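Student: Protein chains in written order, with this note's numbering: chain E, 52 to 514; chain W, 369 to 666.
Everything labelled a hint here was simulated from the structure, so no lab data went into it.
Note that the structure is a prediction, hence the values are computed from the model and not measured.
Any given hint might turn out to be false.
[As the list claims (entries may be wrong)] Below, simulated DSS-like cross-link-like pairs (lysine-lysine); rule was C-alpha separation at most 27 Å, straight line: (1) W:K609 - E:K338; (2) W:K609 - E:K154; (3) W:K431 - E:K486; (4) E:K393 - E:K98; (5) W:K431 - E:K160; (6) E:K98 - E:K197; (7) E:K338 - E:K512; (8) E:K141 - E:K160; (9) E:K446 - E:K231; (10) E:K486 - E:K357; (11) E:K133 - E:K110; (12) E:K336 - W:K609; (13) E:K257 - E:K316; (14) W:K431 - E:K505; (15) E:K512 - W:K431; (16) E:K486 - E:K306; (17) W:K609 - E:K357; (18) E:K316 - W:K609.
[Said to hold, decoys possible] Not everything, but these chain E residues come out facing chain W in the computed CB check (under 8 Å): (19) A269; (20) N270; (21) S293; (22) D328; (23) A333; (24) W464; (25) P466; (26) D469; (27) T473; (28) T476; (29) E477; (30) G480; (31) A484; (32) D485; (33) G508; (34) F509.
Ideal Cβ positions, reconstructed from N, Cα and C, are used throughout, including at glycine.
Next come the chains, spelled out residue by residue.
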Amino acid sequence: MPTSGSFVSPSSMNRRLFLTATGALSLGAALTACGGGDSGGSSSAAKPVSQADIDKAMKTPTELTFWTWVPNIAKEVALFEKKYPAVKIKIVNAGQGTPQYTKLRTALKAGSGAPDMVQIEYQAIPTFTITNSLLDLRPYGASALKNQFVDWTWGQVSGSDGEVWAIPQDTGPMGMLYRKDIFDKHGIDVPGTWDEFAAAARKLHKADPDVYLTNLAANQPAAWHGLQWQAGAKPYITSGKSDIAISVDDAVSRKLGEYWGGLAKEGVIGVEPDFTDGWYAALNKGKYATWLTAAWGPVFLSGSAKATAGKWRAAPLPQWDAAKPSSGNWGGSTTAVIRSTKNPIAAAEFAKFLNSDPASARMFATEQFFFPATKALLTDAEFVGQAPSFYGGQKVNQLFADISSTVNSSFQWPPFLDQAATDWTETVGKSLADKTDTVRALGTWQSRLTTYAKGQGFTVKGS
Amino acid sequence: MAATTAAPAKGKRRAAGPLFVAPFMVLFLLLFLAPLGYAAYLSLFQERLIGGTAFVGLDNYVKAVQDPQLIHGVGRVALFFVIQVPVMLLLALLFALALDSGLLRLARVIRLGIFVPYAVPSVVAALMWGYLYGPDFGPFAQLSRDLDLPVPRFLSEGWMLGSLANIVTWEFVGYNMIILYAALRTIPTELYEAAAMDGAGAWRIAWSVKLPALKPALMLTLLFSVIGSFQLFNEPNLLMKVAPDVISSSYTANLYAYSLAFTGQQVNYAATVSFLLGLVIVIASYAILLTANRRRTP
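With the hints as constraints, model all of the structure from the sequences given.
Tutor: Dropping the structure here:
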């Protein structure tokens, strides 16, 4: 068996099929010739587990541990346990997002205490595959699920060698929530392009100095990455295991820097940190006329800005090129299996079932109000037909389902996202808050990240 | 007769000594020396995402003492210490003296009132003050807007250290007050009587009798404050969320060590920074003890 290389593009081809088609030997030769082999030792990927093995494993009494922060996920888990009574799932809430990853990293390093399955956000997947901590789910038949999921989500969970590192659970394609009453009062049309958006920002703030068109939080690298994603930037491209091209200040990003840095400097948009008391109060009191957010935003907002019910509407993000509508993603997560699990088959089956079983997937959309990752739900009349009164009866789900199909599928995350995010806040975010040169801050971000990546042993290609 | 019975008892006592000390020694070894040793060991290596772990000797230390982020962090907490600690200890002293004077009404209620902030977890305290400091909808901001005054910018770069000092002072005045107050209660009343006989008034007694007697307790609170200041972490870590442009991941030395370990995954360098920080605290504490002792024995 050849060692893994990086020739199969993530979404275009199933590696197992590829091997059958070309023959393992010639591929191995090609890899050696190009010097692209690495010592990852993930060659097990090519050996599929037989249905008999799966059946046997699912009938063997097993207990699996699942780290997740999703509230009331026991309901979905119960569906799985009903289908496979021999397998018991122990649900552990080890914190949401970063705190959980920190604990997971510690457990992995200690060599004990790691769960079998874990909740993991799209952007965090590379930081765990770089340490070889996730199980490639291809041998367990995960590739067969590909077509059930929105294309770009499958790109997010696939490795450079076609590995399937996780199963998508929910998503956050970005759109714009806006206050119809404020727009109407000041005669502002819903901006379709970023130019119109900038003009509206100036007009609104001039008309009412207490109101801003939007807030671009100086502490929210995720939103910035989403906007980069929409604009078509490719800030991080990893190839092989140790090569990375970092270009967080490429031409597209500099365009973003000029745009947002300019608006911040003019003082026509807010730059306060989000998800803070002040920010919640600001949304409730009408300080901001829009919130650039993701598909999980509508439900979130209706819970946290109750005072403004009925005044909000949703629209796609303004566009750079109105002829080619596109969007980015902010948030959403997946279920992955930790490589150290003693029951890989049952764990992989769980990850698959939880997110692809129609009843379970639907439950996420109706119980936890997650924005779905499956194509079936995004075209489901019951789901997209909902017309919440908070948005004046607008079919918000339909709107975001349409946006979901415009999300670029080739955006990649770096294997050191935490560092990238912190560095963003201390350079680009700080420039927004301090109203200094955002384009120059992008350069500082670039150089800080490059230094860090080199220090960590990566071969960094120039921007 | 007396000599013959005393000898075996003394021997038994000698054997009992280490036995009594053993539980402490075990804990001391396990919870203090072992982690310290492990940190020292870790600080000699470098682990990278690509390429694994390598022994680098003292390279991390060489890097750390030249690291501007670390130096600024230590400098910042030193400045914080110089301003905050005297204010806090002076307040604690005044409260303790006032309570001890017996002239206050509702002394118990006041004592509890001043002490209560210490019982509030510092995380909660930082969240609460973060809200109070808020530039838009915080009560101070709203009040000054109602009065047409400029809004105080508690969370801006220039004010932040003061705002942090205020939180820490609020939290720990009561704690230090209790230590000082307890020390005051142990002063024998004969001293007061003698001072009164000599014609000393309340102020004179406070200055010439109470303060000198308080010296050891003050020294203790000062040492606690040195350690507390240099370990400043919770408050900046939480205010970071409301003022990300002011508080960076290396705002204090302790915060820097944490960010290195958990954001940058540079565990070894974080161990180095923590170790150096510990060294700074030991030196600062020792310097204070030394100057105090020198003054006591002229």
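Student: Which hints from the list above does the structure break, by number from lowest to highest?
Tutor: As far as the earlier hints go, 3, 7, 10 and 24 are violated by this structure, in ascending order.
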